Amino acid sequence: MATIIGGLTSSHIPAVGNAIHNKLFDDPYWKPFFDGYPPIREWLDHHKPDVAINIYNDHGLGFFLDRMPTFAIGAAAEYRNEDEGWGIPKLDPFPGDPELSWHIIESMVADEFDITSCQELAVDHGFTVPMQLFWPGAPNNPAMPRTVPISANTVQHPIPTLKRALDFGKALRKALLSFPKDVKIVVMGTGGLSHQLDGQRAGFINKSFDQMCMEKIVTAPEELTHISRMELVEKAGAQGTEFLMWMMMRGALGDKVVPLEKNYHIPISNTGAGTMLLECAA
Amino acid sequence: MAAEPFDQHADIPGTTIFDGKQAMKGYALNKMCYSFNSAENRAEYLRDPEAYFVKYGLADDQKQACRDKNVLAMIAAGGNIYYLAKFAGIYKLSVQDVGAQQTGMTTEQFKEKLKRAGD
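Chains as they are written, first to last, in numbering that gives the first Met the number 0: chain Z, 0 to 281; chain U, 0 to 118.
Next comes chain U alone, as it looks inside the complex (with noise of 0.2 Å):
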């Protein structure tokens, strides 16, 4: 039996779904962000991002993206916001200030956004 194809040709403005095809485009980029789990791999990332980038593989779009720390970027080079948070955690950005970043808007303009959803 078929799937049916509004799961399989969502578009959905804004929305990257995480897929099989994603999933395996930043599996190097996510399992680097999977790592940061520990403490003593964040310690490591710091002394050296570039050689930790080489460790686990990265692309090259995938290093830049880390380099700008472009949250839309990573995620377009296959990275899922998971694993992406735990990136963001190293440089003490809440997921208010990820959404500020992708949005455009100043984080306090993006929590403005998010009170006015309960209006």
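Same shape as in the complex, but just chain Z (with noise of 0.2 Å):
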């Protein structure tokens, strides 16, 4: 049977994406960043996921305001990269998964989620960026797993709600655990943290409030889903609701996690930026 062994969470500005280009790891403005992930990387070398569940959020690539969907899941052979407009260079196509993707489209669905399948979806950012964080060169690494889109709408209201987000990943932990297939998975929650880029508000972090967001999302999510979701605007910034993602994927692992890994640095772009390895308690 599948198994979840655990969790990833990274920011997903596109900036990364360019400074990955070119190669700034010892720059002095992303060393405190990129610090964050060589230890995480060592520990997926080490248990080798099959699978790699990718929520995140689209910018604006993928969907467009003609029809948003609150949730989306891929259910390709391969998830292209495209232009998105302001010349991140383009990576090549990531490896899906379509088997496991229907699997967990017919779970979520019997489970009460009506999301929408996607036999075509273009990947941003969002998705691309953690993945090259985390496999280096994705995605022709040899070790890159198969991937499996999920997209929350963060970009027009109404958003999901932190508490819709959490009993998401739940019911997407009860999709994984039944597939009938001796896989390893990793979940991802990316985006966040807090920040704004637009209005007279641009440029708003709240470290404060990402670090207890960080602590609680290990020891007592259900306590994150009392923040409604004006709240969440008004504590971690208009972009800061990326969050959501995060709430997804820590309801996919179970009641109990160990957090091997912590990175929180400001300012990565206009975002605080905040990275974690939650390994799923055997």
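There may be inaccurate statements among the hints.
[As the list claims (entries may be wrong)] Cross-link-like lysine-lysine pairs, in silico, DSBU-like; alpha carbons within 30 Å at most:
1) K112/U to K215/Z
2) K261/Z to K114/U
3) K68/U to K112/U
4) K20/U to K68/U
5) K89/Z to K20/U
6) K110/U to K261/Z
Bear in mind the hints are in silico, worked out from the structure with no lab data behind them.
Computed from a prediction, not measured in an experiment: that's the story for all the values here.
Put the two chains together into one complex; each comes in its own frame, and the hints tell you how they fit.
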């Protein structure tokens, strides 16, 4: 049977894509951020997951406002990265796992999560940047797992509640654990932490709120569900709502997790950047 | 069951909640910006911005905000920052440049403000 071995979180800022391209790993601005990743890569090297569920939010590449799914699940054999309009180098397609995708979709809908299935889905920096951080050279890394992208809407309100996000993750856990093949799975929650790009409040970052979220997501994710969506906008910034992806990831890990790695750095671009490795308790 | 009042009537200074109302108002502007994912479309826009505004049916305030490259005016006209970022990309403006413009700072001052958030 399938097993979920752990969860990975990462910010997915576009500037990171450029910094990777320009190999700025030891640059004083970037080093404190990039230094959070090698210990997690060691863990991945050791455990060799077969599949990475990549929970991210699309930023206007895969979806537009004409049709905006609240929760979308990829069901393709591969996922193309395409031009986003501002010159991040385009990556090769990422290998999918359609059999697992449809298993997840069947299970989620049976569990009353009305998702959108996507047989074609262009994936943007929200998906690709964390892949590059955890599997350098992605997708052309020999250890690159197959992937199922899951995108939640944070572009347009109403966005899902934190409780819905956590519950989505719990249903995802049920789906994954019922997959009848011996595959090792990691679940990624990408985006955040606090940032706001728009309005007179642009540049807002909230260190103490981010740190509280990074602590509670380990020990007491249920407590975070009491934060309303507007409170999340207020405290994490308009784009800090991407924390919903972390909640979805956390729900998939089960009750008890062990935090093995944790890194937080301000600023990367306009953002408080958080990185974590949570191992599922045996 | 009624939605939480807080969720419906948030007033967060300096922040526009991009909801259905904004999404309807800004549809043409955001659709134009979404088209900038394609290099061909970016080139077509740069050859004749005015013709491109007409092609996408922009309202007068949206056209003027684009001519002025005024991000706050674009947001007021219904622009969503994720799509506006593609417009900014055409002019090689970073998110720090965009933040500086909206807060009335130089880009260097804005970067300093970001750095101070880590203290």
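Against which earlier hints does the structure fall short, listed by number upward? Violated: hint 5 alone.
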